[in-house]
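Chains R and L, in that order, give the protein sequences. Just so we're aligned, residue 1 is where the first sequence starts under the working numbering, counting upward by one. Just so we're aligned, residue 1001 is where the second sequence starts under the working numbering, counting upward by one.
Quick caveat, the hints were computed from the structure, so don't treat them as lab data. Among the hints, a few may not be true.
[Said to hold, decoys possible] What follows is a list of derived Cβ distance ranges for each label pair:
hint: 1; chain 1: L; residue 1: Ser1122; chain 2: R; residue 2: Pro166; range: 31 to 41 Å
hint: 2; chain 1: L; residue 1: Glu1027; chain 2: R; residue 2: Ser205; range: 36 to 46 Å
hint: 3; chain 1: L; residue 1: Glu1196; chain 2: R; residue 2: Glu230; range: 56 to 66 Å
hint: 4; chain 1: L; residue 1: Glu1237; chain 2: R; residue 2: Asp47; range: 28 to 38 Å
hint: 5; chain 1: L; residue 1: Glu1196; chain 2: R; residue 2: Ala233; range: 34 to 44 Å
hint: 6; chain 1: L; residue 1: Glu1196; chain 2: R; residue 2: Ile200; range: 57 to 67 Å
hint: 7; chain 1: L; residue 1: Arg1245; chain 2: R; residue 2: Gln363; range: 20 to 30 Å
hint: 8; chain 1: L; residue 1: Gln1363; chain 2: R; residue 2: Ala101; range: 21 to 31 Å
hint: 9; chain 1: R; residue 1: Pro166; chain 2: L; residue 2: Ala1308; range: 17 to 27 Å
hint: 10; chain 1: L; residue 1: Glu1237; chain 2: R; residue 2: Gln363; range: 30 to 40 Å
Built from N, CA and C at the ideal position, the CB exists for glycine as well.
The primary structure of each chain is shown beneath.
2 protein chains.
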Amino acid sequence: VKAEIITIGDEVMRGEIVDSNKAYLSECLVGLHIETHFQTSVRDDPDDMSEAFRRAVDRADVVLVSGGLGPTRDDRTAEVLSQSFTRELQLHEPSLEQIRAFFRTLGREMSQNNEKQAWFPSGGEVLPNPIGTAPGFLVEEKGALVFCMPGVPREMKRMMEEQVVPRIAARRGGAPVLRATLLRTFGLGESSLDQELRDIALGESVELGFRTTFPDNYLRPVARAASVEEADAKLAEISEEIRKRLGHIVYAEGDETLEMVVGRLLRQEGRSIAVAESCTGGLLAKKITDVSGSSEYFVGGVVAYANAAKIQLLGVPEVLLAEHGAVSDPVAVAMAEGVRERFGADIGVSTTGISGPGGGTEQKPVGLVSVALAHDGGTHVDHFVFALDRERHRVLTVQVALDWVRRLLLGAELLSPSLLRRQGGAAPPGSGASARGSSQERQE
Amino acid sequence: VKAEIITIGDEVMRGEIVDSNKAYLSECLVGLHIETHFQTSVRDDPDDMSEAFRRAVDRADVVLVSGGLGPTRDDRTAEVLSQSFTRELQLHEPSLEQIRAFFRTLGREMSQNNEKQAWFPSGGEVLPNPIGTAPGFLVEEKGALVFCMPGVPREMKRMMEEQVVPRIAARRGGAPVLRATLLRTFGLGESSLDQELRDIALGESVELGFRTTFPDNYLRPVARAASVEEADAKLAEISEEIRKRLGHIVYAEGDETLEMVVGRLLRQEGRSIAVAESCTGGLLAKKITDVSGSSEYFVGGVVAYANAAKIQLLGVPEVLLAEHGAVSDPVAVAMAEGVRERFGADIGVSTTGISGPGGGTEQKPVGLVSVALAHDGGTHVDHFVFALDRERHRVLTVQVALDWVRRLLLGAELLSPSLLRRQGGAAPPGSGASARGSSQERQE
């Protein structure tokens, strides 16, 4: 079974929007053991849309279309698809009533332009949209199933899960099973990962993909087999071998993010955390609180941008700031210990650095950052130079801080600048990132 | 001049990665007044890649390819393109030397697998990559210019700007000029926007696109003309008419984000800001400090997740928490006033709410949030119910808070729950968002 995904919209083709629908739809198809051979995007242009529709039914068995079902004048999917496959557009009364009802529940009047969302190609099946005004539809053409869904991601996802996936699953034959998993790593560059795993025995019908999502590198083993059980057994085997080789570099499998791992470990150990941020400006607290239920272990944080805030809210001694400057290991230590004490948390983490683009000096270049981790066994501090743009500097700093917490809770060695450099890690090759500095352990 | 963009990679086709390269490349082409007719993505599969290459040179004049130039075994662009267009693969010695030099500057050894990155299709031109190991290349086939670039976004962007854009610009003929701008709006739903602007006189060769990027709605006027000046004049005219109709709903034009507008206004007025966050968990501070130079007006913030933190770090009276609960207008007021006073800032902003999915009660449902804004004229507070998932709840709350600051500095009316509801605003239709509550103004 071959699939093609088509997304429609001028905003996509002018680059005004990053189209994440394609990734979501492809991922769903992987779950159905169906390979996506082509992803195509076209403008709201009848000729281009028609070419894409016709080409797709010639080369694919399942075609997923997203976009062009809205109420505005540039939404033309139903109309163009009808013309391409010589069908009529027909009014679907129940849909019109549902669209009216939808607006009633919002306490609003239906706009006139919403009516056209109730017209569909003849011979098709209407797919309800319980959370929006745009119903979808299914037509069968040249043996291919063509599903048309809204472009609004939430509506598209709900329709995919509730309407499209069950219909595809019902039609599927006994094609070979494809299963995949994701191993999330931090601290080793892509080339080094590849080198490290080059001679790994992949076994029959197992492939190993690499993928860089700054600042992480992901490994994606994919296994093909006659049955789900067989494919999963192959996956388990290769995953175990990878973990054996890479150790703590692998921080999670599947959908679990680093902040979720940190949350799980904190909850398991019944420990709490507080953060003191300068250069990361709230991003560390934001990441930790991205996790639902984080109030169980996250007490709070201080974003101390100004020196006065560091002194008053974190108790950083003024003399430290005067002597070493705000971006320094001693100040990072005082921030981590201060926030730990003031919030009464088990663990205090701090960041202070120069994310740029301004603010660097000869002695303290843009990119310099100190990270400190205060806990009942003492305070660990280290400084790095990440030669990255402002956003990536902040993202990488937060990832290092979270990874330190994870490694602390696992009893593993904390990543140091020299370790990161030696492993070509923390950033993809060619990103311009480098890490230098020296490690220093303080025991209370 | 028609363009097609091709991105290559299993990780894209399995949905493991959201491919933002296509959006970037399309946007660059808009700048060159070239329309992208097709965006195609294929797996690391020689047959699919070859079909995409051949189809593209048949229907486009400019083909931009991204991906498949890396060192790993699944990177096959040069090899497959050579086969598709019956060319030889040739070693390019200068590139090999550059790759070696690149690793030397990183203080690392070149991996053996990097050597293949120096092999290119014959008859082409090598495009240097100053920040990575993968050079790109250009071949001309059936009159189409085919540019192959790395998939790593930073390297691709640099190569596009420095190598590809100048080569395309040099070849361009006198095709009609296409110019676009972006008007950013907050507080009015997409349908209402469309309705509001339905009878607007677009003039000849002007189109108006709509685009929703939660929680904003963007308007994209696009003008076509014989010259840049003429197109820009059309754009200016339509933009002015839109601003006249929508007033403060339009908060910026072009690349300026809401946090950049807030920063610009604060700097202009010489005012400073501090934030106290509960449910937004650092996201408000993070947004403000996304702006380079924000240390000029951002003093700092407190993320007070636990009640103890609200009392100790913000001076929220314990009795308020006991009487009204942490999620309440009086506590929001105390947080905003507390952070303003403790940080010595001109403006204090606070958020306290239940972002969910847990934590709701009958009286205080998931989605309830209070926002307060303390300034020298008093403290404004209001509460909303945003029936959204955790992430979007936090994003929308932060946007409301930033928009309040913007409107305060402009002397405009602050968005209230009833205003948002009446206008169907703050969230796209069908998002399930609703806003209710009551407004309350406190004067000191």
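Quick rundown of the hints versus the structure:
In this structure the supplied range 31 to 41 Å is violated for Ser1122(L) paired with Pro166(R), their Cβ-Cβ distance being about 51 Å. Roughly 40 Å separates the CB atoms of Glu1027(L) and Ser205(R), a value that falls within the hinted 36 to 46 Å. Distance hint for Glu1196(L) and Glu230(R): a CB-CB separation of about 58 Å, consistent with the stated range 56 to 66 Å. Taking the beta carbon of each, Glu1237(L) and Asp47(R) are about 29 Å apart, inside 28 to 38 Å as hinted.
Remark: the range hint 34 to 44 Å for Glu1196(L) to Ala233(R) is contradicted by a beta-carbon distance near 59 Å. Look at Glu1196(L) against Ile200(R): about 60 Å separates their beta carbons, and that is inside 57 to 67 Å. Look at Arg1245(L) against Gln363(R): about 54 Å separates their beta carbons, and that is not inside 20 to 30 Å. A C-beta distance of roughly 29 Å is found between Gln1363(L) and Ala101(R), which places it inside the suggested range of 21 to 31 Å.
Distance hint check: the CB atoms of Pro166(R) and Ala1308(L) are about 49 Å apart, inconsistent with the given range 17 to 27 Å. For the pair Glu1237(L) and Gln363(R), the beta carbons lie near 53 Å from each other, so the given range of 30 to 40 Å is not met.
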